[in-house]
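Enquirer: The letter at position 240 of the sequence shown is residue 239 when you use numbering that gives the first Met the number 0, and the numbering goes up by one with no holes.
Simulated from the structure, these hints should not be mistaken for laboratory data.
Mixed in with the good hints there might be a few duds.
Here are the computed distance ranges between Cβ atoms for each label pair [to be verified]: (1) K22 <-> A135: 13 to 23 Å; (2) G64 <-> R40: 21 to 31 Å; (3) E156 <-> A1: 45 to 55 Å; (4) V43 <-> R98: 24 to 34 Å; (5) K107 <-> G64: 21 to 31 Å; (6) S200 <-> W220: 13 to 23 Å.
The calculated lysine to aspartate or glutamate pairs, modelled on EDC-like cross-linking and capped at a C-alpha distance of 16 Å, are [claimed, not checked]: (7) K229 <-> E185; (8) K180 <-> D203; (9) K53 <-> E9; (10) K180 <-> E156; (11) K107 <-> D126; (12) K22 <-> E139; (13) K22 <-> D99; (14) K107 <-> D134; (15) K107 <-> E185.
Virtual Cβ for every residue (Gly too), placed ideally from N, Cα, C.
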Amino acid sequence: MAGWLWAGPEAAVSHRSAAALWKLDGIDAGNIVELTTTGPRNNVPKGLTLHRTKLLTPADAGWLGALRVTGLVRTLVDLGAVVRDPAVVETAMESALRRDEQLFDRMKERLETLGGHGRRGAGVLRDILALRDPDAAPTEGMFETLMERRLRAWGLEMPVRQYEVSVRGRVVRIDFAWVRKRVGLEPRGFWCHSGREKFQSDIDRANDLALTGWTIIYVTWQDLVRRPEKILSQLAGALA
0 MAGWLWAGPE AAVSHRSAAA LWKLDGIDAG NIVELTTTGP RNNVPKGLTL
50 HRTKLLTPAD AGWLGALRVT GLVRTLVDLG AVVRDPAVVE TAMESALRRD
100 EQLFDRMKER LETLGGHGRR GAGVLRDILA LRDPDAAPTE GMFETLMERR
150 LRAWGLEMPV RQYEVSVRGR VVRIDFAWVR KRVGLEPRGF WCHSGREKFQ
200 SDIDRANDLA LTGWTIIYVT WQDLVRRPEK ILSQLAGALA
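Sequences and hints are given; from them, build the entire structure.
Expert: Here's what the structure looks like:
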């Protein structure tokens, strides 16, 4: 708030700071306070990173609580300019899509006007969108997003996200499904699936899916980070 007041009303909280305010996955702003302004500012206080732009329209920034903050589309474009790893931008984008079902179309439209080829960050977001099925459901968290990036890197046939299967009178969603092969892959984080009731629910669900002929491969965070070759071997075997 102090930084924005110093920068003036034409400025907006932006980049990693805006992503943190929007609570986008994978973004830890830490001690960084980033703002974007259209006006000249000298003697920038220590602790602030000031970005300058020629234009900051109502389509680019609005109010989030008491602060003027760049909108989701502009924030994602800006992230591509300051975050080195495209996986972080994609993770943030998927969490933004969970907040706004119309965001994909707005990103495509806005990139046509905002994201000229010379604009930093626009190319990163454009490349991510080019690989994404516009009709696919958003991933349900950072783990799923990183898992999908790994699947793409392996050159495998891409699965259907959040595929729904009718099992004993109820609908069960499979995170990643190769429908013709009846093979599913599900990232499982301990923090989301611990506890007696959740443990029992997972067991019941796995048994129900097995009875319908589905093969489900469960993947832990440790598998993804330390033993990705294990995932590839099991998945290739199941799909074969």
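Enquirer: Give a verdict on every hint.
Expert: Status of each hint after checking the structure:
no., hint, in the structure
1, K22 <-> A135: 13 to 23 Å, "holds (22 Å)"
2, G64 <-> R40: 21 to 31 Å, "holds (23 Å)"
3, E156 <-> A1: 45 to 55 Å, "holds (51 Å)"
4, V43 <-> R98: 24 to 34 Å, "holds (31 Å)"
5, K107 <-> G64: 21 to 31 Å, "holds (28 Å)"
6, S200 <-> W220: 13 to 23 Å, "holds (20 Å)"
7, K229 <-> E185, "holds (14 Å)"
8, K180 <-> D203, "violated (22 Å)"
9, K53 <-> E9, "holds (11 Å)"
10, K180 <-> E156, "holds (11 Å)"
11, K107 <-> D126, "holds (11 Å)"
12, K22 <-> E139, "holds (14 Å)"
13, K22 <-> D99, "holds (13 Å)"
14, K107 <-> D134, "holds (13 Å)"
15, K107 <-> E185, "violated (29 Å)"
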